[in-house]
Amino acid sequence: MTPLLRLIGVKKRYGAVEALSGVDLDVQQGEVLAICGDNGAGKSTLIRVVSGAHEPSEGRIELEGRPVAFASPLEALKAGVATIYQDLALAPRLPIWQNVFVGAALTRRLLGFLRVLDKRRMMAEARKYLARLKIDIADTGRPVERLSGGQRQAVAIARALRWNARLVIMDEPTAALGPAESRQVLDLIRELNRSGASVILISHNMAQVVEVATRVAVLKSGRKIADRPVEGLSADDLAHLVMVGQLPQGRPQPKAAHGAA
Amino acid sequence: MSAGFDWGRFLATYGTALAAVILFGFFAVAASNFLNPVNLLNVLKQVSFLAILGLGFGLALTTAELDLSFANVCSFAAVVVGGLIHHGYPPAVAVAAGLLVGLMAGTLNGLLVTRLKIPSLIATLATAAVANGCAFAVTGGIAFVGRWNPDFLALGRGSLLGVPVLILWTAAAALLVLFVLKQTRLGMDMVFTGENDEAARLAGIKVRRMKLLGLMFSGLAAGLVAVLLTATLNTAAPNIAADYLLHAIAAVLLGMTMFEPGRANVPGTVVGAATIGMLGNGLVLMGAPYYVQDIMLGVIIVASVALSASTLKKAAFGL
Numbered sequence: 036m037t038p039l040l041r042l043i044g045v046k047k048r049y050g051a052v053e054a055l056s057g058v059d060l061d062v063q064q065g066e067v068l069a070i071c072g073d074n075g076a077g078k079s080t081l082i083r084v085v086s087g088a089h090e091p092s093e094g095r096i097e098l099e100g101r102p103v104a105f106a107s108p109l110e111a112l113k114a115g116v117a118t119i120y121q122d123l124a125l126a127p128r129l130p131i132w133q134n135v136f137v138g139a140a141l142t143r144r145l146l147g148f149l150r151v152l153d154k155r156r157m158m159a160e161a162r163k164y165l166a167r168l169k170i171d172i173a174d175t176g177r178p179v180e181r182l183s184g185g186q187r188q189a190v191a192i193a194r195a196l197r198w199n200a201r202l203v204i205m206d207e208p209t210a211a212l213g214p215a216e217s218r219q220v221l222d223l224i225r226e227l228n229r230s231g232a233s234v235i236l237i238s239h240n241m242a243q244v245v246e247v248a249t250r251v252a253v254l255k256s257g258r259k260i261a262d263r264p265v266e267g268l269s270a271d272d273l274a275h276l277v278m279v280g281q282l283p284q285g286r287p288q289p290k291a292a293h294g295a296a
Numbered sequence: 009m010s011a012g013f014d015w016g017r018f019l020a021t022y023g024t025a026l027a028a029v030i031l032f033g034f035f036a037v038a039a040s041n042f043l044n045p046v047n048l049l050n051v052l053k054q055v056s057f058l059a060i061l062g063l064g065f066g067l068a069l070t071t072a073e074l075d076l077s078f079a080n081v082c083s084f085a086a087v088v089v090g091g092l093i094h095h096g097y098p099p100a101v102a103v104a105a106g107l108l109v110g111l112m113a114g115t116l117n118g119l120l121v122t123r124l125k126i127p128s129l130i131a132t133l134a135t136a137a138v139a140n141g142c143a144f145a146v147t148g149g150i151a152f153v154g155r156w157n158p159d160f161l162a163l164g165r166g167s168l169l170g171v172p173v174l175i176l177w178t179a180a181a182a183l184l185v186l187f188v189l190k191q192t193r194l195g196m197d198m199v200f201t202g203e204n205d206e207a208a209r210l211a212g213i214k215v216r217r218m219k220l221l222g223l224m225f226s227g228l229a230a231g232l233v234a235v236l237l238t239a240t241l242n243t244a245a246p247n248i249a250a251d252y253l254l255h256a257i258a259a260v261l262l263g264m265t266m267f268e269p270g271r272a273n274v275p276g277t278v279v280g281a282a283t284i285g286m287l288g289n290g291l292v293l294m295g296a297p298y299y300v301q302d303i304m305l306g307v308i309i310v311a312s313v314a315l316s317a318s319t320l321k322k323a324a325f326g327l
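So the sequences go chain by chain: X and Z. The first sequence maps to residues 36 to 296 in the numbering used here. The second sequence maps to residues 9 to 327 in the numbering used here.
Any given hint might turn out to be false.
Simulated crosslink set (BS3-like; lysine-lysine; CA at most 30 Å straight-line) [to be verified]:
1) X:46 <-> X:154
2) Z:190 <-> Z:125
3) X:255 <-> X:46
4) Z:190 <-> Z:53
5) X:113 <-> Z:214
6) X:113 <-> Z:125
7) X:169 <-> X:154
8) X:113 <-> X:163
9) X:163 <-> Z:125
10) Z:53 <-> X:154
11) Z:214 <-> X:154
12) X:163 <-> Z:190
13) Z:125 <-> Z:214
14) Z:190 <-> X:113
15) Z:214 <-> Z:190
16) X:113 <-> X:169
17) X:113 <-> X:154
Since the hints were made in silico from the structure, they are not lab data. This structure is a prediction, so every number in the text was calculated from the model and none was measured.
Using the sequences plus the hints, can you model the full thing?
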């Protein structure tokens, strides 16, 4: 099966600094791929390249087998690749429905020639997107600032669903959240995945990666040093993999066939 | 489980509007002649000008930009309108020229802010200075006054079915802005731009265009008031609208404490303009020295911002 997203030999240089030194990476349809690595390993750069914020210096990106070059996050969004930033890019004082439909409002005709906002439909559809994520909010006219951290994340994801995102990139979604809200976000990721989208999850929290991801890629100094299924790994195994570059002694090593560089 | 009436929320949302009604009642009792129809018509004029200027300022503010030039732009547009009428040009030409001056000043502000990346506070202050200079250049420092075309004067002094046209102009402007902000994609995009421009940009909103439009609306409002002002007063002086700067800003900020606390909103701006308008008039009628009004304006501005920024929002939304 053609991978949803494929990176081939992607390099990114900032001046003399090579932040990515030729990364190959596949994201399969319907998987949750975790990308791990220490600070400075190249995770953020990789995300910026995939999300259209930065262009790669070398290498190719293919979406469903077709080469793509996103000039901006908006282009990526239109192609179905949505990035959810750490600050969620929400307007806290505005109602949920406006945050879901920002930049993509639904309109209806008034008196045959005026195009006006179809608020009722946007409120109803925002509720449906949230319901797909198992978040039940009856009144989507509420301002986002009155929601919990987890619910806000759901609003940001609902916006991605509004753009029919097939790949959702989440950058440290639980970094600023407490345990209960982190749990809610992990559930959101699962529901998002169940509704058909692939997810790239950037995280420092190995326990969460083990819990929610199906595959993990480890970056170190701009290179991919591991790429394997998460199944059978413990959080400690994963931490070892990130720090040392291999699994602890006596554990099965990453399969060469799966492309460890 | 009883859902009692939420007084905190009610006061937070309508408290200052209520205060305006009380103020009206106070002047009605305490200031003789306040309720005199001639006086009320005078108040109404001021309120109309303040409201329309405030609606424009509020649209720029909605996109998180300040327009400090609208009063000087209004004066400049007024002397252009007055000059053309004074020299016998048809009213249509004068009106078009006045609106155009306002629109061009707004466009200039917008381009300075979005293209040259000059903060609107600075850019519009500069535009204000230039407009002020231009207004004096056009008139040579004197005022145009004379026997003007009655068709032109009717734009400010006339009435339709017994309703003064100034009320109709103001109502039309308010309804138009309300429609744009609440019912159109443009309005939704402008509001989102003002709340979080980076998020708006990521969602494909043309942020620079929204800010440009906000400032253009403000300039256009100044042009419209220039027409109404000259038609109402039958005169055009280079500093004719100077006082409106603080008055209209105070009206908008006061309006931000009601209806939609924390955000420039149409009903709030209209009520704010009515409050500021009758305050000035009532104080004069009660024999207060002229400078009292300025002091009160300053207090209102600070108090409004303090209220809408924190307490009211807390009370309204329990944050």
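Hints that the structure is at odds with (numbers, increasing): Structure breaks hints 1, 9 and 10.
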